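Q: Those protein sequence lines, which keep their order, are chains A and B.
Using the working numbering, read the first sequence as starting at 116 and increasing by one per residue.
Using the working numbering, read the second sequence as starting at 116 and increasing by one per residue.
The set of hints was computed from the structure by calculation and includes no laboratory data.
Since the structure is predicted, the reported quantities are computational estimates derived from the model, not experimental observations.
Some clues are possibly wrong.
All copies of an identical chain are treated as equivalent in the list; a pair is satisfied when it fits inside any one copy or across any two copies.
Computed list of lysine-lysine pairs in DSSO-like fashion (alpha-carbon distance at most 30 Å, straight line) [as the list claims (entries may be wrong)]:
hint, residue 1, residue 2
1, Lys287, Lys195
2, Lys229, Lys251
3, Lys283, Lys187
4, Lys129, Lys287
5, Lys195, Lys251
6, Lys251, Lys205
7, Lys283, Lys251
8, Lys304, Lys205
9, Lys283, Lys129
10, Lys421, Lys129
The chain contents come next:
Protein chains: 2
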Amino acid sequence: MPTDIVVDAMGSDKAPEPEVRGAVLAARQYDVRVHLVGPEDRLRPILRQALRGQRLPVFIVPASEWITMDDKAAQAVRSKRDSTMRVGLKMVREGRAAGFFTGGNTGAAMATAKMVLGMLSGVDRPALATILPTIKGVPSLLLDVGANVDCDPDNLVQFAVMGYMYAKNVLKIHNPKVGLLSIGEEDLKGNSLTRDTLPLLRALTSINFTGNVEGRDLFNGHTDVAVCDGFVGNVALKSIEGTAQLLSASLRESLKSTVTSQVGALLSRKAFAEFKKRLDYSEYGGAVLLGVRGVCIIGHGSSNEKAIMNGIRVAAEFAQAEVNSGIESSLRSS
Amino acid sequence: MPTDIVVDAMGSDKAPEPEVRGAVLAARQYDVRVHLVGPEDRLRPILRQALRGQRLPVFIVPASEWITMDDKAAQAVRSKRDSTMRVGLKMVREGRAAGFFTGGNTGAAMATAKMVLGMLSGVDRPALATILPTIKGVPSLLLDVGANVDCDPDNLVQFAVMGYMYAKNVLKIHNPKVGLLSIGEEDLKGNSLTRDTLPLLRALTSINFTGNVEGRDLFNGHTDVAVCDGFVGNVALKSIEGTAQLLSASLRESLKSTVTSQVGALLSRKAFAEFKKRLDYSEYGGAVLLGVRGVCIIGHGSSNEKAIMNGIRVAAEFAQAEVNSGIESSLRSS
Numbered sequence: 116m117p118t119d120i121v122v123d124a125m126g127s128d129k130a131p132e133p134e135v136r137g138a139v140l141a142a143r144q145y146d147v148r149v150h151l152v153g154p155e156d157r158l159r160p161i162l163r164q165a166l167r168g169q170r171l172p173v174f175i176v177p178a179s180e181w182i183t184m185d186d187k188a189a190q191a192v193r194s195k196r197d198s199t200m201r202v203g204l205k206m207v208r209e210g211r212a213a214g215f216f217t218g219g220n221t222g223a224a225m226a227t228a229k230m231v232l233g234m235l236s237g238v239d240r241p242a243l244a245t246i247l248p249t250i251k252g253v254p255s256l257l258l259d260v261g262a263n264v265d266c267d268p269d270n271l272v273q274f275a276v277m278g279y280m281y282a283k284n285v286l287k288i289h290n291p292k293v294g295l296l297s298i299g300e301e302d303l304k305g306n307s308l309t310r311d312t313l314p315l316l317r318a319l320t321s322i323n324f325t326g327n328v329e330g331r332d333l334f335n336g337h338t339d340v341a342v343c344d345g346f347v348g349n350v351a352l353k354s355i356e357g358t359a360q361l362l363s364a365s366l367r368e369s370l371k372s373t374v375t376s377q378v379g380a381l382l383s384r385k386a387f388a389e390f391k392k393r394l395d396y397s398e399y400g401g402a403v404l405l406g407v408r409g410v411c412i413i414g415h416g417s418s419n420e421k422a423i424m425n426g427i428r429v430a431a432e433f434a435q436a437e438v439n440s441g442i443e444s445s446l447r448s449s
Numbered sequence: 116m117p118t119d120i121v122v123d124a125m126g127s128d129k130a131p132e133p134e135v136r137g138a139v140l141a142a143r144q145y146d147v148r149v150h151l152v153g154p155e156d157r158l159r160p161i162l163r164q165a166l167r168g169q170r171l172p173v174f175i176v177p178a179s180e181w182i183t184m185d186d187k188a189a190q191a192v193r194s195k196r197d198s199t200m201r202v203g204l205k206m207v208r209e210g211r212a213a214g215f216f217t218g219g220n221t222g223a224a225m226a227t228a229k230m231v232l233g234m235l236s237g238v239d240r241p242a243l244a245t246i247l248p249t250i251k252g253v254p255s256l257l258l259d260v261g262a263n264v265d266c267d268p269d270n271l272v273q274f275a276v277m278g279y280m281y282a283k284n285v286l287k288i289h290n291p292k293v294g295l296l297s298i299g300e301e302d303l304k305g306n307s308l309t310r311d312t313l314p315l316l317r318a319l320t321s322i323n324f325t326g327n328v329e330g331r332d333l334f335n336g337h338t339d340v341a342v343c344d345g346f347v348g349n350v351a352l353k354s355i356e357g358t359a360q361l362l363s364a365s366l367r368e369s370l371k372s373t374v375t376s377q378v379g380a381l382l383s384r385k386a387f388a389e390f391k392k393r394l395d396y397s398e399y400g401g402a403v404l405l406g407v408r409g410v411c412i413i414g415h416g417s418s419n420e421k422a423i424m425n426g427i428r429v430a431a432e433f434a435q436a437e438v439n440s441g442i443e444s445s446l447r448s449s
């Protein structure tokens with residue numbers, strides 16, 4: 116049976132084109148029915164063109180308002196009562212869709228999801244989880260990357276359980292290793308938050324907790340899930356993105372500097388294309404909001420149609436894996 | 116007049132060879148006199164060989180003990196009373212040397228420096244500052260990267276003053292821009308520590324504070340100095356290192372994957388060499404411990420002779436710039 120996924124058609128920087136085309140791509144490739152939320156008069160012609168006469172399960176759900184990247188999240192969530200985000204997430208709450216995807220304002224998406232969907236039982240705060248590539252080829256999961264900046268040990272314990280369940284059931288990693296992001300492997304290394312959290316995590320029997328991990332372990336396969344507060348995770352994520360941008364720019368410049376290199380660059384073009392693909396966040400479809408009562412995926416504002424298609428696929432995989440019931444029963448037993 | 120720099124000859128992973136050869140390189144290139152601290156019987160033959168009969172101002176200062184990477188910092192600092200670090204830093208305290216360099220145990224070096232040198236007046240805690248490459252070519256400074264994990268707003272204010280003075284006087288950046296590392300540019304973005312710190316930094320007249328900055332600003336030239344607590348900075352630094360390792364490995368693998376790419380790789384070898392050089396921390400000679408009453412540079416354990424040579428150069432530049440008096444007078448007036 117196809118999975119119903121609802122998409123905020125007005126989320127990304129270039130909305131609604133990438134959303135509509137991504138929805139059509141997803142409906143063509145995966146066993147999904149896609150509901151595009153937005154102004155019908157703008158979506159209809161783009162959808163008609165994208166479908167090229169093909170019959171595919173892509174539908175339009177009208178909404179008259181949308182939240183922009185410039186909107187202040189808290190204010191927009193309150194004032195725009197017919198926003199694409201709110202209309203879309205209500206469909207998830209009412210069981211008319213199994214998951215929601217947006218490429219829009221992250222703060223607004225998190226706030227709307229929290230308000231409309233509510234929290235899973237046993238979870239105090241949601242966490243935004245992002246997938247990182249590793250040297251070993253399997254992805255790793257970093258959370259929280261910005262949903263909650265000031266966390267207490269209980270929040271981090273809940274994040275650990277949520278990350279473990281997601282890595283196991285959606286990323287299909289067998290008994291994923293969960294680490295606490297710190298500044299050294301020894302138990303005594305860390306700040307007051309991580310030192311207070313460590314014994315709680317060690318006492319958990321429902322996950323495979325391995326101890327403290329460091330920033331570099333995000334990429335070398337030593338850990339499958341790294342847990343931290345949203346401030347630390349967000350700083351780390353943006354530092355990672357900055358490093359990748361610097362390295363790409365440096366490499367490009369170095370390659371330009373000699374004639375031989377220019378020839379070399381031409382010949383190794385295929386290799387670079389593959390290299391870029393590895394770093395391409397759009398392959399993973401965006402960040403996952405864990406802890407809310409439903410499925411909510413938040414993509415980059417720069418999402419193109421392929422990223423939207425992947426986001427829809429990830430939302431469907433998340434919904435089918437029934438991660439949320441696993442999180443609730445794990446937290447109940449801990 | 117040459118600057119006297121004292122070097123822990125037993126610090127790096129492959130000590131004492133890189134230290135001795137690096138000292139000779141530095142004495143040959145720069146206006147410095149280098150004092151190598153360590154067991155005379157081990158250092159003497161290596162020094163004789165490295166000098167190849169040349170007369171250079173490189174001297175041996177005997178010390179019978181040294182702290183290893185496996186030593187627990189606090190314990191080693193207490194128990195090894197004739198350690199190379201302690202003997203070397205005492206020479207700085209007594210005015211017999213203008214600066215100290217070690218490629219050894221960072222925790223032990225920081226603790227010994229704090230104990231032997233004491234703190235600058237107006238500084239409560241030292242900060243470890245590291246230099247990062249940027250897209251624009253000028254370096255940026257990130258501090259603290261691990262000296263103090265739990266900080267209060269006053270600590271961060273002091274770090275900001277120290278970073279500004281170092282960037283201005285040693286990195287020679289004109290009126291360097293100082294930012295507070297956070298998760299968004301707006302004043303309200305951040306955690307409780309950064310939100311409490313921001314107004315204090317805005318009130319400082321002795322530095323060029325520009326507001327919140329993000330992880331990616333470390334590399335794009337939007338800021339010259341980024342200030343954070345040691346936990347956040349250490350996680351960011353290790354995430355950056357992990358990203359660079361991942362990207363290098365991915366690129367190598369991508370290049371191996373096709374015959375054309377192999378040819379391309381051969382031809383663009385020179386470009387890669389330059390690319391790697393850009394990312395090479397050893398160019399910058401290590402991290403700088405700011406806030407202690409003296410000059411202390413802490414290099415990577417993997418430092419080779421070139422990194423040691425650069426570390427000695429940086430120590431001499433730091434000593435000549437008289438950063439510390441600037442920090443004290445700035446903090447007095449704020």
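Q: Quick one: Lys195 to Lys251, C-alpha cut-off 30 Å, is that within a copy, between copies, both, or neither?
A: neither (45 Å within a copy, 41 Å between copies)
Q: 30 Å Cα cut-off: does Lys229 pair with Lys251 within a copy, between copies, both or neither?
A: neither (35 Å within a copy, 41 Å between copies)
Q: One pair to classify: Lys251 and Lys205, alpha carbons no more than 30 Å apart. Within, between, both, or neither?
A: neither (39 Å within a copy, 47 Å between copies)
Q: At most 30 Å between CA atoms: does that hold for Lys421 and Lys129 within a copy, between copies, both, or neither?
A: Only inside one copy: Lys421 and Lys129 sit 13 Å apart there, 49 Å across copies, limit 30 Å.
Q: Regarding Lys283 and Lys187, is the shortest C-alpha distance of 30 Å or less found within a copy, between copies, in both, or in neither?
A: This pair counts as neither: shortest intra-copy Cα distance 35 Å, inter-copy 37 Å.
Q: At 30 Å max between alpha carbons, let me know whether Lys287 reaches Lys195 within a copy, between copies, both or neither.
A: neither (38 Å within a copy, 50 Å between copies)
Q: Can you give me the call for Lys283 and Lys251, within, between, both or neither, at a CA distance of at most 30 Å?
A: Answer is within: at 17 Å inside a copy they meet the 30 Å cutoff, but 42 Å across does not.
Q: With identical chains treated as interchangeable, where does the CA-CA distance between Lys304 and Lys205 reach 30 Å or less: within a copy, between copies, both, or neither?
A: Between copies, since 28 Å is at most 30 Å while 44 Å is not.
Q: When no copy is named, should Lys283 and Lys129 be tagged within, between, both, or neither for a Cα gap of at most 30 Å?
A: neither (34 Å within a copy, 42 Å between copies)
Q: Is it within, between, both or neither when you check Lys129 against Lys287 at 30 Å Cα-Cα?
A: neither (32 Å within a copy, 42 Å between copies)
The structure shown violates the earlier hints numbered 1, 2, 3, 4, 5, 6 and 9.
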